[in-house]
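K.L.:
Here is how the chains run, residue by residue.
Protein chains: 2
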Amino acid sequence: MSRDSEETRQKILKAFGRLLAEQGFENAGINAVARAAGVDKVLIYRYFGGMPQLLRAFASGGFWPATDELLGRPAAEAAHMEAPELARTLLKGHLRELRLRPVTQEIMRWEMIRKNELTGELAEAREKAGLELLGLEPFGSLTASDRDLAAVGALIHAGLTYLVLRAKTADLYMGLDLRRDEDWERLEKAVDELLDAYFGQSRAFGAAGGE
Amino acid sequence: MSRDSEETRQKILKAFGRLLAEQGFENAGINAVARAAGVDKVLIYRYFGGMPQLLRAFASGGFWPATDELLGRPAAEAAHMEAPELARTLLKGHLRELRLRPVTQEIMRWEMIRKNELTGELAEAREKAGLELLGLEPFGSLTASDRDLAAVGALIHAGLTYLVLRAKTADLYMGLDLRRDEDWERLEKAVDELLDAYFGQSRAFGAAGGE
DNA sequence: TTGACAAGTCACCGCATGGTGACATATAGG
DNA sequence: CCTATATGTCACCATGCGGTGACTTGTCAA
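Residue numbers (the numbering used here), protein chains in the order written: chain A, 11 to 221; chain B, 11 to 221.
Some clues are possibly wrong.
[To be verified] Which residues of chain A face chain B? A few of them, derived with a C-beta cut under 7 Å, are:
#1 Arg119
#2 Ala139
#3 Met184
#4 Asp187
[To be verified] Here are the simulated BS3-like pairs of lysine-lysine, each with C-alpha atoms no more than 27 Å apart in a straight line:
#5 A:Lys138 - B:Lys138
#6 B:Lys24 - A:Lys125
#7 A:Lys24 - A:Lys125
#8 B:Lys24 - A:Lys178
#9 B:Lys24 - B:Lys178
#10 B:Lys138 - B:Lys102
[Stated by the list, open to error] Here chain B is said to cover these stretches of chain A; the calculated rule only asks that three of the stretch's residues, wherever they fall, bring their Cβ under 8 Å from a Cβ of chain B:
#11 124 to 136
#12 158 to 166
#13 169 to 181
#14 195 to 209
Hints are computed from structural coordinates only; laboratory data are not their basis. These figures come from a predicted structure and were not determined experimentally. The beta carbon of each residue, even a glycine, is placed where N, CA and C say it ideally should be.
Turn these sequences into a full structure, and let the hints guide you.
P.N.:
Right, dumping it as structure tokens:
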């Protein structure tokens, strides 16, 4: 009715994002998107070309947290931070930001079972961003040590990621209640404990926590 | 042709497991299973009742590693172990055993996006098993301490789990090459490093490793 | 005013899925 | 031998999917 192609494009993209966040990838096919957008599906083909292109157009919106967001402060400040503090901040930032992004979560869930061109691109982009973080100056001294900061970082990072992704379909994980914010705080404290121990600091546990 | 119902049942279950391991849940529908088993799909309904029951029958085969397998030795010996050693062994056992079980992996991937009655049951069973491990005697002293062993254990456990599940569709994770056994050894060492630091031991890194 | 083209609508195709009813046949018990 | 039943075969249904061709209608410019 409205005869405004740009508006229609936006309706489609919006509906896609909504479906993705609420129902996951499986229920976000061409027909479902058209239905949710209140638009004929032929327009999706006309304006985007098909599902892959729609996905790509949607993805270019950028739903991956930038370094600033991970840090909670301008990225330039990272250079002045000590390695332990920086690691703690980045990992907890990752947890915080990922929890806020249902669409990003859904894409990451999808990546676990479907391997296609686009998921590959997305993963590669994240990979690159992750490596950049690891290459930040304060970590430089540790790279050459006998410790394997990359592996330790990847492990904790992966752990937080998994728990966030799992929280959609599970309530408990080894006694932790993934529905309660209190238990997420326990996890943040666990990150602190582990990093404190790992970096050999006697920093009081939880001093950087929320309370 | 063979007119042996038990044999047919086994063919169906086998085919289901094969499909599950090789192609994942999505490609293991009724039609696909019947095709792979070389059997008419109506027999699946006759013998099992439908997909949920087939899944349940298959799941009752037990594809979750027992405590013995996790430990790599009789479960009774756990009582004599020190907490750090036990934690290390359990976590690395988890990694080792999960990597050996493509079907278990596939189910865990599936659990991340689909929540139904059966996945709930499976997760609950695992949850119970996991809690039992946490309740093992050597960990008792830590439960009351100011440290949160459950959260730390869950975090590392989740990290290893995620990396194993992710390895199916990704090659790299923060610089780690998930295709190379060497990098998995790096991860095992990272577990050692973290636990050593966490438990405050000066144990030589990697002394418990493979080499 | 009229004509060209963009924007939107409708009907259809082929295909695969989950699911079921009706039928053929082998096997065992009377 | 004959019959009842378990086993297996075949044909079919409704539904939903991704995808496309052909049509109508609005809009804007010449």
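K.L.:
Evaluate each hint against the coordinates.
P.N.:
Verification of the supplied hints:
The interface hint given for Arg119 (chain A) is met, as the beta carbon of that residue sits about 5 Å from the closest beta carbon of chain B, less than 7 Å. The beta carbon of Ala139 (chain A) comes no nearer than 10 Å to any beta carbon in chain B, farther than 7 Å, and the hint placing it at the interface is violated. The criterion of a C-beta within 7 Å of any C-beta in chain B is met by Met184 (chain A), whose closest approach is roughly 4 Å, and the hint holds. The beta carbon of Asp187 (chain A) comes no nearer than 11 Å to any beta carbon in chain B, farther than 7 Å, and the hint placing it at the interface is violated.
With a C-alpha separation of about 38 Å, the suggested pair Lys138 (chain A) and Lys138 (chain B) falls outside the 27 Å cut-off, and the hint is violated. Between Lys24 (chain B) and Lys125 (chain A) the CA atoms are separated by roughly 25 Å; this keeps the pair inside 27 Å, and the hint holds. Taking the CA atoms of Lys24 (chain A) and Lys125 (chain A), the gap is near 24 Å; set against the 27 Å cutoff, the hint holds. With a C-alpha separation of about 31 Å, the suggested pair Lys24 (chain B) and Lys178 (chain A) falls outside the 27 Å cut-off, and the hint is violated.
Simply put, Lys24 (chain B) and Lys178 (chain B) have alpha-carbon atoms about 22 Å apart, close enough for the 27 Å limit, and the pair holds. Restraint check for Lys138 (chain B) and Lys102 (chain B): the C-alpha separation of about 19 Å stays at or below 27 Å, so the hint holds. With 4 residues having a beta carbon nearer than 8 Å to a beta carbon of chain B, the region 124 to 136 of chain A meets the requirement of three or more and the stated coverage holds. A stretch counts as covered by a chain when three or more of its residues have a beta carbon under 8 Å from one of that chain; for the region 158 to 166 of chain A and chain B the count is 8, and the coverage holds.
Check on the region 169 to 181 of chain A: 10 of its residues sit with their Cβ under 8 Å from a Cβ of chain B, so the three-residue criterion for coverage holds. Evaluation of the coverage hint for the region 195 to 209 of chain A: fulfilled, as 9 residues show C-beta separations to chain B shorter than 8 Å, against a requirement of three.
When each numbered hint is compared with the structure, violations occur for hints 2, 4, 5 and 8.
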